[in-house]
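K.L.:
Here the protein sequences come in this chain order: A, B and C.
The numbering of the first sequence is numbering that gives the first Met the number 0, which starts it at 0 and goes up by one.
The numbering of the second sequence is numbering that gives the first Met the number 0, which starts it at 0 and goes up by one.
The numbering of the third sequence is numbering that gives the first Met the number 0, which starts it at 0 and goes up by one.
Among the hints, erroneous ones may be present.
To be verified - According to the in silico footprint, chain A covers these stretches of chain B (three or more CB under 8 Å from chain A):
(1) 48 to 60
(2) 180 to 191
(3) 219 to 229
(4) 270 to 282
For the record, the hints were derived by calculation from the structure and aren't laboratory data.
In this text, a Cβ means the ideal position worked out from N, Cα and C, and glycines have one as well.
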Amino acid sequence: MEWLNPYHLQVGSFVLINAILGVSIYVTLSTGQLSLGNAGFMSVGAYAAALLSTQHQVPIPAGILAGSLLAGAAGVLVGIPSLRLSGVYLAIATLGFGEVLRAILINWESLTGGAVGIAAIPQMGRVILAWASDRGFSPGSLGLQNNQFISLTVFLILLLCTILTVAFFLRLSRSRVGRAYAAIRLDERAAEAAGIPITYYKVLAFSQGALLSGFAGALFAHSTSFVSPGDFTYHRAVEILVFAVFGGSEHIFGPVFGAAFLTVVPEALRSISDYRYILYGLLLVLMMVFRPQGVIDPALLRRFRRSGKGTPA
Amino acid sequence: MFLEQLINGITLGSIYAIVALGYTLVFGVLGIINMAHGEIFMFGAFVGMLIMSKAGAPLPVAFLGAIVITAAMGLLLERLALRPLRGRPGASHLASLISTIGVSILLENVAHKIFGAGNHLFETPFAEISFKIGPVTVYLVQVVILLISLLLMAGLALWLSRTRAGKALRATAENLETAGLLGVDTNRMITATVVIASAMGGVAGVLVGMAFNYINNQIGLSMGLKGLAIIIFGGMGSVYGAMAGGLILGLSETFVVAYGSSGYRDAIAFVAIIVILLIKPQGLFGQTTAEARR
Amino acid sequence: MKRNVRLFAVVACALFAFMFMGAEKARKPAPPKGEPIKAKIGVISIITGQGAAYGEAITNGIKLARDEVNAKGEVLIDLKIEDSSGKQEQALAAAQKLINSEKVVAIIGPTLSNEMFAAGPEANASGVPIMGTSTTAKGIPQIGKFVFRNALPESQAIPAAVGQAVKKYNIKKVALLYGNDDAFTKSGFDTMKEVAEKLKLDIVTIQTFQKGQADYKAQLTKIASLKPDAVFCSALYNEGGVILAQARKMGLKVPFVGGNGFNSPQVIEIAKEAAEGLIVATPWFGEKSDPQVKAFVSKYEKAYGKKPDQFAAQAYDAFYIMTNALRAAGAADRAKLRDSLAATKNFQGVLGKFSFDAERDVVMAPNVLIVKGGKFTIFN
Chain A
0 MEWLNPYHLQ VGSFVLINAI LGVSIYVTLS TGQLSLGNAG FMSVGAYAAA
50 LLSTQHQVPI PAGILAGSLL AGAAGVLVGI PSLRLSGVYL AIATLGFGEV
100 LRAILINWES LTGGAVGIAA IPQMGRVILA WASDRGFSPG SLGLQNNQFI
150 SLTVFLILLL CTILTVAFFL RLSRSRVGRA YAAIRLDERA AEAAGIPITY
200 YKVLAFSQGA LLSGFAGALF AHSTSFVSPG DFTYHRAVEI LVFAVFGGSE
250 HIFGPVFGAA FLTVVPEALR SISDYRYILY GLLLVLMMVF RPQGVIDPAL
300 LRRFRRSGKG TPA
Chain B
0 MFLEQLINGI TLGSIYAIVA LGYTLVFGVL GIINMAHGEI FMFGAFVGML
50 IMSKAGAPLP VAFLGAIVIT AAMGLLLERL ALRPLRGRPG ASHLASLIST
100 IGVSILLENV AHKIFGAGNH LFETPFAEIS FKIGPVTVYL VQVVILLISL
150 LLMAGLALWL SRTRAGKALR ATAENLETAG LLGVDTNRMI TATVVIASAM
200 GGVAGVLVGM AFNYINNQIG LSMGLKGLAI IIFGGMGSVY GAMAGGLILG
250 LSETFVVAYG SSGYRDAIAF VAIIVILLIK PQGLFGQTTA EARR
Chain C
0 MKRNVRLFAV VACALFAFMF MGAEKARKPA PPKGEPIKAK IGVISIITGQ
50 GAAYGEAITN GIKLARDEVN AKGEVLIDLK IEDSSGKQEQ ALAAAQKLIN
100 SEKVVAIIGP TLSNEMFAAG PEANASGVPI MGTSTTAKGI PQIGKFVFRN
150 ALPESQAIPA AVGQAVKKYN IKKVALLYGN DDAFTKSGFD TMKEVAEKLK
200 LDIVTIQTFQ KGQADYKAQL TKIASLKPDA VFCSALYNEG GVILAQARKM
250 GLKVPFVGGN GFNSPQVIEI AKEAAEGLIV ATPWFGEKSD PQVKAFVSKY
300 EKAYGKKPDQ FAAQAYDAFY IMTNALRAAG AADRAKLRDS LAATKNFQGV
350 LGKFSFDAER DVVMAPNVLI VKGGKFTIFN
């Protein structure tokens, strides 16, 4: 099992967390709303899960669930007043929400530990290994080292979460809700005239995005075992946005691809790490100039599907 | 202490206003947010620093140098990152936002490569000159900054309202296609806007260097975010809004530190925009049309 | 479109030309003698992003030590340097890469305590010794038995500086100023506050600032108006130098007591004469007449064109501690290296005498220094 490299699994885990984050902004975007507050919602989920498990000994799955729901609730709270805003205004207002939230995390030291953050958050893989070892299981019986086992379980859990998330929203996009989202994105007034309750759907999409960000945040907390306000800055918000716009914001596979590509490439470019962000910046400009709709768009997917099926004679 | 803090606040506020003007000009004409403006501003500060501290040239030369370099950067930005996106069918309306974010990341890291990550001393020959008005110490630097900002703002307002080019610019801002039909070379107007906005960023960079004596490659980001908040607060595309918003933010940041908690200083800008957007979404001086356009 | 492409190419070429102008010249490693122990040691450091100034000093210190150690020929170290950008997930990924792909025998770094909280548990679980050279927060070695540090924690440095300053200047009223968005400066502040309360000092105000801020006038005007006897300031040198300069300019002339991160020649470079009267406690004192220190300073200055700060010195010593332990272990073996590392006693480095305690934390006596006449001198 030499080939099972925990480093690759680690990068894979970050790809999956980022993919969920990418989907979170895609969902909000699919109603034509741009949110830059997803880093803030992510911090809500991460801190809630971290505090519940370190200070109140809540089991990890319950903590993750609670963190996601809390972030979703915050999404409703922010979403309703934000409905009056659109476009660039909404983007910057939500960015402001994220910055305010970060200021609170830094200043509310008695709860959050301030800039020092929260350390020693139980890591999913290690908790599972400890639980399994108590019951006489040893990773050796699978031919795995301990650290291989830990990384593999984390990866598999995240993979499951990501697949479920993508499957759910893929189905959603073909449902009534998804069609309503698309109608709102195309033309808000026409959608309203057609009897679609746009307020309801916009808040729904916004809070779904917030909930997903919180979910990703909670998973992040339990896989890196440390969170601090520095993880949820403006840079993170922009990064999440870039996943969607680079990968493509017209199909759910777009942000997933964007997240994967933009996580793996900088990692692979580590050897020239001095120039990584310079290349990253260049890449963004070039993408926008030569393929502004993102790498993946429905047309490309259709072409894939056609060639996949082959051409029967 | 109150009067001294007032002067601190006005100095900071007038610099904020100049930074915000750069954003607001570009938004007013193109309807996009130029996320790279902060980094162009940072380069202006560095050029000024090199000219004054390293070459020992006088202040006007530093301003000139900063203006030339940042104007050239503005030109390149428009040609390479904005123009190719314009009028493309099927382009995501966020494309220009992303491409300018790309430019900002690029510039921030190029500056890091060239200048390093540390603080650089920005020497001004008259940094130590001060005089007392009653109980308050006022530094000559603060007066100079205020004067330059006021001159710049007045000049811009006059240019926009009185000159032919300014009128063409406003026509372009009002409606790109109509202005084009009426014989305005809109591409040229757009380029001019980005170049002028960038040059103002260069001036603001030198002012920041003078005010704080130190610059680093991160000031673009921190000042840039403040500038963004100000244009929302003052009203997108509104020149007067940017001026008023800048002053209000500078003063309130200073006074929150003086009479409140310094930990929330950086959050004020964003609390303010959330509040203003909920009460008056078009901003203090914004027109409703500006919002409806996008 | 074609013109665009061409313009792009020209600009890209110009950019790259710029970048590589600053690229470091490669130095040739000296040929080995005898039968050296060959080992790969990983370094996790901040090469890009906000904290790069610190990461640069650290990697410089390590590279200098590497060249010296390899020239001696007893051990032959292959350094694998990875960037963390100051982000813990990148530090974690870097650790995973070093541990599993590069199969290093040990890791030096990461730079920030935050990063260590993410990378440390992983190295510990994988049985790879990891040693922070600048991770001063509470609870670092407690992560696990493979986690070490040679960075003097603030809880040892600050009480020494504060104690001596209070005695000398008869300080009663203090103002506290700290960077509240950074774990290093925040934990330094916690210690300062604790010490001030223990000494029953009157804390007139507590002010904060954020990383990379350029304007501290508002905070300093407020502090000056309250007329404290001293300012306890927990800042890293980059911000600290600017704070001092702006404070002195507005007439706040009282002594400043700083934390560990304030001690750097860069403070004097940044603040010039405004740095006078700054008191710090630190393991690193570059003006010592000790020949080992002198040799290090002159070699560092020759190689990198500036004086080493404590980040460079701690990294330099860390590399020696690591390779000494490696020699004692006799082989590039992770577990053996851990044991011989833990047994390090009375190592004489450029920081002075160094030992690990039973918890793998630092045992050393800090120097209390004051800036006088444009340089750090012993405070008494």
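K.L.:
Holds or violated: the region 180 to 191 of chain B covered by chain A, criterion of 3 or more residues with Cβ-Cβ distance under 8 Å?
P.N.:
violated (count 0)
K.L.:
Cut-off 8 Å, C-beta pairs, minimum 3 residues; does the coverage of the region 219 to 229 of chain B by chain A stand?
P.N.:
The restraint on the region 219 to 229 of chain B holds, since 4 of its residues have a Cβ under 8 Å from chain A and three suffice.
K.L.:
When I compare C-beta atoms, does the region 270 to 282 of chain B have three or more residues closer than 8 Å to chain A?
P.N.:
holds (count 6)
K.L.:
Is the listed coverage of the region 48 to 60 of chain B by chain A valid when you require three or more residues with a beta carbon under 8 Å from a beta carbon of that chain?
P.N.:
It is violated: at least three residues are needed, and the region 48 to 60 of chain B offers just 0 whose Cβ sits closer than 8 Å to chain A.
Against the hints set out earlier in the document, violations occur for numbers 1, 2.
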